[in-house]
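Chains A and B, in that order, give the protein sequences.
The first sequence runs 1 to 309 under our numbering.
The second sequence runs 1 to 450 under our numbering.
Worth flagging that the hints you see were computed from the coordinates, not collected in a lab.
Predicted model only: the values in this text are computed from it and were never measured.
To give an idea of the interface, some chain B residues facing chain A are shown, with a C-beta separation under 10 Å as derived from the structure:
id : residue
1  : G86
2  : P88
3  : Y115
4  : E421
5  : Q424
6  : N429
7  : A450
Within a straight-line C-alpha distance of at most 25 Å, the following computed SDA-like cross-link-like pairs (lysine to any residue) qualify:
id : chain 1 : residue 1 : chain 2 : residue 2
8  : B       : K430      : A       : S79
9  : B       : K430      : A       : P167
10 : B       : K192      : A       : Y143
11 : B       : K430      : A       : N168
Note that beta-carbon positions come from the ideal geometry of N, C-alpha and C, so glycine has one too.
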Amino acid sequence: MPDAAAARPPGAGALERRDALLGMALIAPTILVLGAVIVYPLLSAIYLSFFSIYTPTLEGHFVGLANYRDLLGSGGFWSALVTTAIWTVGTLTLQILVGVGMALLLHQNILFRSLARGLVLFPYFLSTVVAVLVWRWLFNDLYGILNQMLMNAGIIAAPVNWLGAMPNAMLSIMVVGAWKFFPFVVIAVLARLQTIPESLYEAARIDGAGPVSRFFDVTLPQLRDVLTIVILLRTVWDFKEFDLIYLMTGGGPVNGTRTLPLIVYNQAFGLNQMGMAAAYAVSMMLVMLVFMLAYLRRANARSEADSAA
Amino acid sequence: MNQPERNPLRRPVTRRDTLRVLAGSGAAAAAALTAGCGSKDERTTLRWWSPQASPDQLKAYKAQIAAFEAANPTIRVVFEATSDEGYPAQFATAFAARQLPNLVTHLPSFAAQQYYAEGLLEPVDDVIKAIGIDRYFAGANEVYRTSDKHYCATGIGNTAADMLWYRKDLLAAAGITAPPATWDELRSAARKMQRDGIYGAALPYGMNAMTSLIFIGFIHRAGGQVFSPDLQVAIDSQPTYDALAFFQSMREFCPTGASNFSWGESLTAFVSGSTATGIYSGRVLANVAAQNPAIADAIGCTTYPTMSRDIPAWTYNDFPCLLIPKGAPHLAETKAFAASLYQPQLYAQQMHAAPGHVLPVLRAVADDGFYRANPLITRYAAEVDLMTKAATAGHNLGQETAAHKPNLKANEIIASNAIAELVQRVVLNKENPKAAVAATAVRLAELMRA
Numbered sequence: 001m002p003d004a005a006a007a008r009p010p011g012a013g014a015l016e017r018r019d020a021l022l023g024m025a026l027i028a029p030t031i032l033v034l035g036a037v038i039v040y041p042l043l044s045a046i047y048l049s050f051f052s053i054y055t056p057t058l059e060g061h062f063v064g065l066a067n068y069r070d071l072l073g074s075g076g077f078w079s080a081l082v083t084t085a086i087w088t089v090g091t092l093t094l095q096i097l098v099g100v101g102m103a104l105l106l107h108q109n110i111l112f113r114s115l116a117r118g119l120v121l122f123p124y125f126l127s128t129v130v131a132v133l134v135w136r137w138l139f140n141d142l143y144g145i146l147n148q149m150l151m152n153a154g155i156i157a158a159p160v161n162w163l164g165a166m167p168n169a170m171l172s173i174m175v176v177g178a179w180k181f182f183p184f185v186v187i188a189v190l191a192r193l194q195t196i197p198e199s200l201y202e203a204a205r206i207d208g209a210g211p212v213s214r215f216f217d218v219t220l221p222q223l224r225d226v227l228t229i230v231i232l233l234r235t236v237w238d239f240k241e242f243d244l245i246y247l248m249t250g251g252g253p254v255n256g257t258r259t260l261p262l263i264v265y266n267q268a269f270g271l272n273q274m275g276m277a278a279a280y281a282v283s284m285m286l287v288m289l290v291f292m293l294a295y296l297r298r299a300n301a302r303s304e305a306d307s308a309a
Numbered sequence: 001m002n003q004p005e006r007n008p009l010r011r012p013v014t015r016r017d018t019l020r021v022l023a024g025s026g027a028a029a030a031a032a033l034t035a036g037c038g039s040k041d042e043r044t045t046l047r048w049w050s051p052q053a054s055p056d057q058l059k060a061y062k063a064q065i066a067a068f069e070a071a072n073p074t075i076r077v078v079f080e081a082t083s084d085e086g087y088p089a090q091f092a093t094a095f096a097a098r099q100l101p102n103l104v105t106h107l108p109s110f111a112a113q114q115y116y117a118e119g120l121l122e123p124v125d126d127v128i129k130a131i132g133i134d135r136y137f138a139g140a141n142e143v144y145r146t147s148d149k150h151y152c153a154t155g156i157g158n159t160a161a162d163m164l165w166y167r168k169d170l171l172a173a174a175g176i177t178a179p180p181a182t183w184d185e186l187r188s189a190a191r192k193m194q195r196d197g198i199y200g201a202a203l204p205y206g207m208n209a210m211t212s213l214i215f216i217g218f219i220h221r222a223g224g225q226v227f228s229p230d231l232q233v234a235i236d237s238q239p240t241y242d243a244l245a246f247f248q249s250m251r252e253f254c255p256t257g258a259s260n261f262s263w264g265e266s267l268t269a270f271v272s273g274s275t276a277t278g279i280y281s282g283r284v285l286a287n288v289a290a291q292n293p294a295i296a297d298a299i300g301c302t303t304y305p306t307m308s309r310d311i312p313a314w315t316y317n318d319f320p321c322l323l324i325p326k327g328a329p330h331l332a333e334t335k336a337f338a339a340s341l342y343q344p345q346l347y348a349q350q351m352h353a354a355p356g357h358v359l360p361v362l363r364a365v366a367d368d369g370f371y372r373a374n375p376l377i378t379r380y381a382a383e384v385d386l387m388t389k390a391a392t393a394g395h396n397l398g399q400e401t402a403a404h405k406p407n408l409k410a411n412e413i414i415a416s417n418a419i420a421e422l423v424q425r426v427v428l429n430k431e432n433p434k435a436a437v438a439a440t441a442v443r444l445a446e447l448m449r450a
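With these hints in hand, go ahead and build the complete structure from the sequences.
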């Protein structure tokens, strides 16, 4: 058997080294940028969480794990964690249901389909501040059209307190969140729907499958991968949603809609306790990490199962 | 085979051509930018922040800036609006990033005291001296006195932020001859006036600063206090329970959405005619004139009723002030500009931009014919005089009474929403007041220790 090293042409080692150096040079800017915008802030947040720091001056002293001990020992963290989970699950469910439904509708050969596909993106592009202002007026008990319509229709006798009572406030922000973010689901699902081979539907029809069966036996399995990604991304984004909730309810009534990002903001800029805010933020990240690991484990298990099959 | 002759004007565009065009465009843009740099404004720039920035106020500020710039051609002043609810975050980040404005106005006195105590502000003794301390109302700057015998800020105005606004026509229709002076009278009036889609009151029950700031006034109107004069937590007392009971009893006379009310919603509820009474500053005057002139002749105001006649009125004045962040450049120019804002005629114009809302701190201006000639101030002279008097004697959590020491944690206590949460727990959640107040007392003690 010929020696591999001996078989290599002269100068090959130098060429490989040059290629390796070139590769490192090309990837270095990416690593630098990722380091600056992801790794540095992450390490910085972890570092800050071990200090008691006054925000305006960024001066403080080392407190070790005291911030974590305090936050885990306080009911506020756990209550906000539960609230965050309820908000995330609720609004995400609505986004998926509405998004998939709308994508299926826009996949049909309907009148003004192109226009509708363009318009459906509107809420996603609208600034959150503007969207919240509009929705707050819609929900307003004195001048809001929602209460007026319901009262005119005889459904309610008096205005409903949409944002100032529970569970209305939570349901209201879930609806607004779903309205704002369902277009993302539509875009992703619609793109996937357009690549499902028509032959699968023809085969299902030949086998006597009706529309419902075709949806559950053909469409949904084909959407599984894209929905997994959409759910993962939207879970992360909804879990850390701040502006929409802050502007809609400010976390109230009492602490009914006070999610973890609102606490981070209040700790950092209301109470000027940047170290504690960082501890909350790191805790949020750890919670998300649990979701991420669960997802990766599930994805690996599925991959292995598919390989075995 | 003959090749067809190429028309040089019709040859395809090559990559090289594209690069040439891009390079040429880039060079032209760079040249334009360089030329622009040549005409760069060389003047010293001062940044002025304020959360009070209605269109009329902006116009008044521009006049003040123009006058100062005309007298100081080497300086330009840039105004930047901040927000009432969001200024703590804006300031925290500005200080942390050392991107400081030169001058800030219309922040509450307790914010100035806190920032000064943390070493973030310049004393403004020079500015007060330049303006002339004798020109202020007596004691107008005492609320800005610091423990090191300086002034952390100076008043830019006064505000009587929790006046009782009422509709004379609705009071008369309900058979009530005088505005309410006690809580029982107010509750009774609200009950009688609440009909035909009009609510009796516009009290705030939201999870925000307004609810905290307003409710503190009710504790005082029941004869209580949040902290003792030496700043021990004193909220767990009978007057607080009485104030909560009153707030709870008034909920049925407030709009359904009052549990999410902040300043804007509360103001609009009264101005639009949706409520028979309101709780706000003199901003009501300009807003009624502009948005609902039909009720302009029917509105009046008085200090907010107390639990009983033997308890004196307590008016919430946030003492809107002028302060100078430490570390911002051009300190001398900033102090000169700060003093220029009190030039009598321009200062009066600034007051005219929000007549009755921001009240003068300069005695001479308050009595001056030019200031009083404003149509709204003339029309509502009695109300404006009452608000001026009430605001001058007003207080806030930064110094609850004249006997209190300055509370350097007041800013953070308001930002924590601890008191708004107390109101919501008792009024909206119907929790046991004693337990809720006890929990709030613990929370306040923690905030004071932090």
